[in-house]
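S.K.: Letter by letter, the chains look like this.
There are 4 protein chains.
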Amino acid sequence: MKKLLKGLRQFKSNYFSTHQELFEQLSHGQKPRVLFITCSDSRIDPNLITNAEVGELFVIRNAGNIIPPFGAANGGEGAAVEYAVQALGVEHIIVCGHSHCGAMKGLLKRSSLEDEMPLVYEWLRHAEATRQLLKENYTHLEGETLLEVAVAENVLTQIENLRTYPVIHSKLYRNKLHLHAWIYHIETGEVLEYDSIRHDFVTPDENAMLEAYPVQCVLSLPEDVEDLLPGHRQSQTQPEVAEAERDVMMPWLSSDQVARIRSGSNGRR
Amino acid sequence: MKKLLKGLRQFKSNYFSTHQELFEQLSHGQKPRVLFITCSDSRIDPNLITNAEVGELFVIRNAGNIIPPFGAANGGEGAAVEYAVQALGVEHIIVCGHSHCGAMKGLLKRSSLEDEMPLVYEWLRHAEATRQLLKENYTHLEGETLLEVAVAENVLTQIENLRTYPVIHSKLYRNKLHLHAWIYHIETGEVLEYDSIRHDFVTPDENAMLEAYPVQCVLSLPEDVEDLLPGHRQSQTQPEVAEAERDVMMPWLSSDQVARIRSGSNGRR
Amino acid sequence: MKKLLKGLRQFKSNYFSTHQELFEQLSHGQKPRVLFITCSDSRIDPNLITNAEVGELFVIRNAGNIIPPFGAANGGEGAAVEYAVQALGVEHIIVCGHSHCGAMKGLLKRSSLEDEMPLVYEWLRHAEATRQLLKENYTHLEGETLLEVAVAENVLTQIENLRTYPVIHSKLYRNKLHLHAWIYHIETGEVLEYDSIRHDFVTPDENAMLEAYPVQCVLSLPEDVEDLLPGHRQSQTQPEVAEAERDVMMPWLSSDQVARIRSGSNGRR
Amino acid sequence: MKKLLKGLRQFKSNYFSTHQELFEQLSHGQKPRVLFITCSDSRIDPNLITNAEVGELFVIRNAGNIIPPFGAANGGEGAAVEYAVQALGVEHIIVCGHSHCGAMKGLLKRSSLEDEMPLVYEWLRHAEATRQLLKENYTHLEGETLLEVAVAENVLTQIENLRTYPVIHSKLYRNKLHLHAWIYHIETGEVLEYDSIRHDFVTPDENAMLEAYPVQCVLSLPEDVEDLLPGHRQSQTQPEVAEAERDVMMPWLSSDQVARIRSGSNGRR
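Residue numbers (this note's numbering), protein chains in the order written: chain A, 1073 to 1341; chain B, 1073 to 1341; chain C, 1073 to 1341; chain D, 1073 to 1341.
One chain only, chain A, in its complex shape (with noise of 0.2 Å):
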């Protein structure tokens, strides 16, 4: 604690005297754009891995970066996300897992903790999905390999849950929002991102167009059913789109229906 009692004047003395005006404009409210979602574990540090001045990530941490879906539990995770996508209007979501994490070794000896750590046991039931994908797909490995993989599983099981949220699922439908599963080394330093395209954790690329980003494929079934709605569809590119087409596009709705959708979204709001 000394040590900690220190480093806060420290920081007053240095940092904060060298960056006032920031603090100064950031004490009238935060605009972060990303949700950085991270594991409670003390060798993470978010902002130092990615360089992020104060006010650019709005941060959940827990054990093990887990997200339960939606109506799954009632703790601060959604709530939290929930805030930062419908009042802070974060654009990115990133879940990033991390190298020897504490919470994935409990995953692979779930069961011998209930006793022990009940809480932590009834936790790692939100990391259910990663365990029986573990359990049946990689029989052949274990120790450290088995739970690399289990890191990496496990941010994508955490991806899937985030879809379940009302408030993820309807921004992902119009393309405003983007879901990021990343792994953080720790003795390397070196960030993984996964790569829908090459099916694989890589080095993400800062100059990658994010439009073009295929994460958005797989990474948001929601923008591929943007189509449905000819609105937004027009509101785009295309002004004008033929009766035959858009009975193709919509086929389960009668012309009738569709000219009304078509002058709806023609702006007679």
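Keep in mind the hints are simulated off the structure, nothing from the lab.
Treat the hints with care, since some could be wrong.
Just so you know, same-sequence chains aren't split out, so a pair can sit in one copy or run between any two.
Taking lysine-lysine and the DSS-like style, the derived pairs with C-alpha atoms no more than 25 Å apart in a straight line are [said to hold, decoys possible]:
| no. | residue 1 | residue 2 |
| --- | --- | --- |
| 1 | 1074 | 1084 |
| 2 | 1103 | 1074 |
| 3 | 1181 | 1207 |
| 4 | 1243 | 1177 |
We have chain A already, so just place chains B, C and D on it with the hints.
M.R.: For chains B, C and D alone, kept in the frame of chain A given last:
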């Protein structure tokens, strides 16, 4: 009731007597390949609209063909899904919504149900992702048209919810399970399936190669992840994978870890 | 799947085209008189075995045709029951169990399911009343015979659970709703209904006055359940029950099963 | 995102490369001495404000640095607390609130959140003790001043909640764990700690004997909370409190805020 009781006799003297062998055989066990999830609505008869024989469809029916996310409810849905996938080994799951769905009508005015039908009100919480998507993206629609879109969006929402189940997550991973989003139109007798390439609900093509179905891409993220597992890859096609490529494949594993994985997957189990 | 997709087309060109009027009419709304609750088992087709037309049966299907007591679960069962009784005003609820039920087999070895199928394990808690009744009153039975009794006892257990729902409780009170316990036998195509007067499952008599049933059914079910147990009966009054009568008592058991039950109930263990 | 991805590279080539030994060592395990619980707010960087090195702080972050009482929720908070205390053996737990907290703003108008942000609304139930204390004891405050008090009271509320966890209760008993209530002020860069002797939030004294704290902290917190309320104090003994002393009492309030509080507490209710 009288009509039903009479029907029982008719069934036995007609259909049953002409299919005794089938029933005799079925009495020894069921081997359905498909889990069919649809609404309790009396206007839907799964076996009739698919012309499926007795023994072919394992069926879950509730109000709104809703499947709560894993852990979000403790009703029969999760148990039936688990039993179908784990114990029966079904290979396809169809979520079939339908036009004029009373549950979706209720969803569009959910708040008004709290007093009169509290259980329905609570139940529709698991379709909240559908409701919010509509509220934020279809403000120009109303009435029948909005209902049609609600029905379509909801089957996609429920597909998302299905993914959060451990048994499904694991089987999707190795492409042993396929998810299908259907809409049945009472007035036309037509069934449309969601096509993730055309981003639309279209008439399903029974001649299409399922393997080619883009549905796999969008509707099963796990398949993509498959390559994460070198062992699996080898057990399929390429008997040899260059060290280099493998490093690209799992750059987050040390080469000796990769080595152990490769050896492990070469049948050393 | 191919077969199903082909079936969709067949349905539309055959059955649908010959019943267009019916479907057109149904598209304006459903008015089912019966809520049919049965198992997800693929070998059951409610409309087929009752020869019911589309629009006549509002259907709930899950593993084991189980309806948790009011407040005991937050799945779709309660919502569908509430919707059927409150919104649709159905007048009859049928709980239809069936021979060779996998869920009931699971119930007889429930503890063994905890690890492999946790959701099924949890779900079967709502049939625990059936399990305990069997454990304490049918110790002399086993195998197929025990399973047959389990199926029969369970539909009665679920009838009890249904009574705990406010909407049902209130309608039963003024005799506006009738509950029916059915067992469908796959190998014989026969359906037996619980007769609360004869305290037995018998071939339903479509000419019987329905009005004479419900009340007794409502008031005397528990007592009936006891009489279902031959051993118990004997321990009461009649020291001897004629073969014939016993056959009437449990016609859904083969005579040798009956024989084994009798011997068993004569304290031969 | 681009900026973040670029940051990842910068981190690796700068900070990481100059601290390789530290990270190599950390890859073998973490040994944090402190569990740092704070808000998800993007303007807070725990390691920055405490000048702590990677590996020193085990961090839990959610909306409002709230920890539900033991058994009140099944989110990640309890599991992370349990893991930190039981598995890692941390000796200090810091609950760090901050000025301009959005969650506390929400708490002051909680009812208005029910529709728009239902999960946040539910989550704030765990700060209800804070809300009621304010409602009943700070009626004369409003706006920024009320918010400042809400932030301060809430960290004390959460300290109380922490005490309800078995693992914490037991370690506090034998003085193996110390709880600290902090408030971080964005605009001044200052952190104040609750002093249970002076019943006030003061600049922490890194030279103070830590041993002198915990017990009093454990035993007399509730009493202290009362003294936090000037009005209450006066109603007890000292009829007059010097401006100076009051400033010391609530140095985290501007003098005019103090003035308004004093006037308010002079019987204007």
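S.K.: Now tell me, hint by hint, if it's right for this structure.
M.R.: Evaluated hints:
no.	hint	result
1	1074 / 1084	within (16 Å within a copy, 30 Å between copies)
2	1103 / 1074	between (33 Å within a copy, 17 Å between copies)
3	1181 / 1207	both (11 Å within a copy, 24 Å between copies)
4	1243 / 1177	between (34 Å within a copy, 23 Å between copies)
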